[in-house]
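Q: Residues per chain are reported as follows:
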Amino acid sequence: MTKPKPWLSLSGIGVFAVLLLAVAPLVLTDHWLNNLGKYCCWAIAAVGIGLAWGRGGMLVMGQGVFFALGAYAMAMHLTLETAGDRIPGFMVLYDPLAPLPMFWEPFRSAGFTLLAIVLLPVLLAGLLGYALFKRRVKGAYFAILTQALAVALATLISSTIRETGGDTGLSDFKYFFGFVLNDPANKLMVYLIAAALLIVCLLAVWQLYRSRFGELLVATRDAEERVRFLGYDPANVKLVAFVVSALMASIGGAMFVPIVGIITPAEIGAAASVLMIAGVALGGRASLFGPALGAMAVGWGQSSLGSTWPEGWTYILGLLFIVVILFLPNGLSSLPARFAAARRRPAEQPAPAIAVAELEEVRS
Amino acid sequence: MTDDSLVVTDLHVEFSGFVAVGGVSFDAHPGEVRFLIGPNGAGKTTCIDAVTGLAKATGSARLGERELLGRPVHKIVRLGIGRTFQTASVFDELTVLQNLDIAAGRHRPSVSLLRARRGVEESIEQALEETGLAGELATPAGILSHGQKQWLEIAMLLVQDAKVLLLDEPVAGMSQDERTATGELLQRIAAKRIVLVVEHDMDFMRRFATRVTVLHQGKVLSQGTVADVQADPRVQEVYLGTAGAATTAAMSAVPEPVAGTRQGQED
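These protein sequence lines map, in sequence, to chains S and B.
Take 1 as the starting number for the first sequence in full-length UniProt numbering and just add one per residue.
Take 1 as the starting number for the second sequence in full-length UniProt numbering and just add one per residue.
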């Protein structure tokens with residue numbers, strides 16, 4: 001893999017930041033700015049997936065779980081903020097007399113909520129990762145396990161209507177930490193926070209990728225046993241990447257709630273988790289910008305094509321996914337390098353070697 | 001017996017009932033190029049697997065005062081045991097420098113992992129010089145020649161500052177010149193470290209071994225200098241299948257057995 005110069009990537013992030021934070025608010029309508037905010041949330045989760053899957057080789061198929069932790073923590077706080085001293089409306093519907101569930105109580109505090117958004121995914125991913133990586137669970141087993149967890153959590157939320165809102169989810173938030181959400185100025189602020197967080201996450205992985213840890217992570221992905229024989233415990237290396245990716249998914253989920261205004265189990269279940277992966281694969285999982293841009297593209301496709309032609313959109317997405325995996329295993333972001341390589345030596349094509357490596361990884 | 005010798009005593013390794021290694025004892029000291037030879041399936045690689053924690057074993061393997069058996073792989077490595085594999089296993093996507101930098105990493109504090117590398121560490125430069133890879137600093141390891149990959153692996157053991165280098169068929173597939181270069185490299189390294197080589201190549205063994213242990217069917221058949229071992233009639237019998245009639249010279253005529261019969265043992 002040829003490595004682009006670090007300053008080039010950094011200025012890339014700078015351009016991206018200007019586009020998101022300065023240009024987009026000026027040129028986009030409120031409606032599309034809100035949509036862009038939503039894509040930013042998915043992109044934040046995608047950046048984490050790029051780290052865990054693209055660089056770390058862990059196919060995290062259940063990032064919806066961590067997305068949900070952040071989203072529901074935020075949604076519970078906003079619901080309580082909206083309800084004030086009373087019990088949230090949807091709970092009264094099911095049982096007017098019962099008190100607020102115990103686990104809701106601490107989410108009245110803004111500080112606790114913010115802490116929970118950060119700590120819950122770190123703790124859960126830490127525990128889960130420790131248990132799995134120390135036992136050397138990897139490849140398809142790891143993927144299926146994380147996916148099952150997302151299904152289980154979605155089912156749990158669906159079945160606890162009074163405690164979590166069930167399938168209808170949590171919605172109708174009026175305030176965001178004291179700001180009225182209906183106010184366009186506040187909406188802009190929420191968008192800017194999400195966009196800024198995306199930039200921060202990109203900067204974080206940029207530093208991780210150029211650091212020694214980034215090299216060690218790639219080494220662990222490609223030859224875990226060899227890393228062990230250099231005196232490292234690969235489980236710890238993977239654990240760090242997994243926890244960071246979980247944290248990013250949680251942050252994405254937390255910002256999703258005030259921007260979209262509703263969170264339901266459908267946004268965090270198996271299908272949603274796979275959709276997050278799809279964006280990453282499309283964009284290029286091992287690259288810096290690929291995951292974020294891929295996720296935004298999938299998000300945009302979903303809200304434009306997905307609303308005008310919903311049946312067709314699923315097929316288009318599926319087809320696109322297959323084409324990219326078959327012919328561009330490193331995603332769309334590998335296209336420029338491909339063209340450059342093809343121009344330099346039209347006869348030689350490095351493609352087969354890459355494809356074989358890809359297959360090996362899936363098998364392991 | 002000095003403090004920094006590798007002493008293996010009565011090593012037993014079983015794979016679901018099959019005794020791969022049954023009571024092998026040998027020792028290795030700095031200053032000698034130690035060879036472990038034997039026909040295919042003799043248990044040579046399994047001995048290395050046991051010492052490095054890859055295969056479960058009973059008995060004892062000590063580096064100085066420290067017992068190695070029973071510890072997890074990465075902890076054994078941290079005690080100073082390094083190894084290579086039959087097939088060169090370097091990180092293909094990373095450059096030579098990156099490969100070596102990762103190998104050097106266990107002496108650095110974990111926090112330093114979060115920073116990018118600046119410059120080339122001295123130990124890495126020395127290892128590059130020693131193994132003749134100085135010109136390949138920025139080359140992705142995946143496109144190195146087979147011999148260069150093996151040298152990179154040895155260089156990785158050097159920057160890792162391994163006290164013991166366990167080399168599994170380091171010259172397999174190398175040209176004659178490369179073999180000579182490797183042998184001379186090993187002799188230089190052995191001045192300060194323990195070098196234990198598992199090999200099929202009799203010619204290479206004869207040229208560079210100071211002491212040899214011959215394994216056969218999981219047991220030690222013979223032990224001593226190259227001359228001792230070659231004169232041992234039991235060794236001749238094992239390698240030629242006919243007792244007595246063999247001459248020592250005939251040993252070199254033994255075809256090189258096919259590598260890669262221990263697939264099942266590795267998991």
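Heads up, a few of these hints could be off.
Each computed BS3-like pair below joins lysine-lysine, with the alpha-carbon atoms no more than 25 Å apart [claimed, not checked]: (1) S/Lys134 - B/Lys56; (2) B/Lys192 - B/Lys163; (3) B/Lys192 - S/Lys134.
The set of hints was computed from the structure by calculation and includes no laboratory data.
For clarity, every value in this text was computed on a predicted model and none was experimentally measured.
Q: If a hint holds in the structure, say so; if it does not, say that too.
A: Do the hints match the structure? See the list:
{"no.": "1", "hint": "S/Lys134 - B/Lys56", "in the structure": "holds (18 Å)"}
{"no.": "2", "hint": "B/Lys192 - B/Lys163", "in the structure": "holds (8 Å)"}
{"no.": "3", "hint": "B/Lys192 - S/Lys134", "in the structure": "violated (35 Å)"}
Comparing the model with each numbered hint stated earlier shows that hint 3 is the single one that does not hold.
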